[in-house]
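Listed in order, the protein sequences are those of chains R and D.
Note that this note's numbering has the first sequence beginning at 1, numbered continuously upward.
Note that this note's numbering has the second sequence beginning at 194, numbered continuously upward.
Heads up, some of the hints might be wrong.
Within a straight-line C-alpha distance of at most 25 Å, the following computed PhoX-like cross-link-like pairs (lysine-lysine) qualify [as the list claims (entries may be wrong)]:
1. K200/D <-> K85/R
2. K85/R <-> K69/R
3. K85/R <-> K172/R
4. K268/D <-> K144/R
5. K273/D <-> K200/D
6. K144/R <-> K273/D
7. K200/D <-> K210/D
8. K65/R <-> K210/D
9. K85/R <-> K144/R
10. K69/R <-> K200/D
11. K67/R <-> K200/D
12. K144/R <-> K69/R
13. K210/D <-> K273/D
Read the hints as simulated data drawn from the structure, not as lab findings.
None of these values were measured; they are calculated from a predicted model.
What follows is the residue order along each chain.
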Amino acid sequence: MAQIFGNFSDQLSVSQEYLTIVLSPSSAPLQQRWHNNGLSADFMADYFATFFPRSEESVSNNNSKVKIKSIVSFIANELLENSMKFSDYATGYPISITLQLHEDGLVFLATNSLNVHAVHHFQSLIQEITAGDPRELMIHRLEKNFEEQNNDTSGLGLLTMMSDYLARIGWKFETIQKDPEIVTVTTMVSLGL
Amino acid sequence: MEITTEKYSVQYDATAKIVTCRGALRLAGMDEYAPIVQLLDQVIEDHPSILMLNLQELEFLNSSGINVLSKFVLKVRGQKDIRLVVQGSNAITWQERSLTNLQRLMPQLELTWE
């Protein structure tokens, strides 16, 4: 059974324009492949920038080529970094990221496996970062990381997307296999244009 | 003091009291950022009365990097007698979106745009 948190929609309209990148977690160690996150994110950004600006009249805040490139690159990179961090490599389950172009915005979907024991931790992190005004939560988290000498920056990228890019974010947890158990999480980031 | 790689550089000009970050910083977590944190700590130890942080050529910064810059600003805030001026670029989207967070962490911080 799937568990949903935040702004996750299963009933997205079909997008004709989308791009999916799949990374197999077993071909090379994580450290060597970190660099790939930036490459993949920049490729997505360059590819989608071609569709912008969508019309001359609507060159709004998010709409110029340069801005869209920078926004897509930031969000895709953060999603890939999170997927790499949380993925349960023992399952051999791939990491995937999809970006869809819709009439009213962009939708990112990033999927990775998650260690069964990490599910609870991840869900409490989600509860923490969705429990109020993202701008306040972001400043609070930065202050807290500093005071506690905390080197765990989890959640900061997601908070930045919500606070500085006005993104809506949702999560879907699914048990896709029972024995051995494999749990996946899909993070959905929606960005209005 | 200087850290330079193919993708980014962080420099401290101890005479002019300017820290300059350039390129794309997307290192893996705080461990990989440790040398940069160390450099920034040394800048604070140098105790300049006015310190410039020039980010005008920093094209990309991931969230771990945002954490590093925020910690640096909070350390400077704790010093009380260092005046911090952050130089940003309006043409770089992440800066336009996220740099004011530094000012929210340290209201006395001066933010200038090119």
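Now the hints, each set against the structure:
{"no.": "1", "hint": "K200/D <-> K85/R", "result": "holds, 22 Å"}
{"no.": "2", "hint": "K85/R <-> K69/R", "result": "holds, 24 Å"}
{"no.": "3", "hint": "K85/R <-> K172/R", "result": "holds, 17 Å"}
{"no.": "4", "hint": "K268/D <-> K144/R", "result": "holds, 13 Å"}
{"no.": "5", "hint": "K273/D <-> K200/D", "result": "violated, 33 Å"}
{"no.": "6", "hint": "K144/R <-> K273/D", "result": "holds, 20 Å"}
{"no.": "7", "hint": "K200/D <-> K210/D", "result": "holds, 23 Å"}
{"no.": "8", "hint": "K65/R <-> K210/D", "result": "violated, 36 Å"}
{"no.": "9", "hint": "K85/R <-> K144/R", "result": "holds, 21 Å"}
{"no.": "10", "hint": "K69/R <-> K200/D", "result": "holds, 18 Å"}
{"no.": "11", "hint": "K67/R <-> K200/D", "result": "holds, 21 Å"}
{"no.": "12", "hint": "K144/R <-> K69/R", "result": "violated, 31 Å"}
{"no.": "13", "hint": "K210/D <-> K273/D", "result": "holds, 17 Å"}
Hints 5, 8 and 12, counting from the list given before, are not met by this structure.
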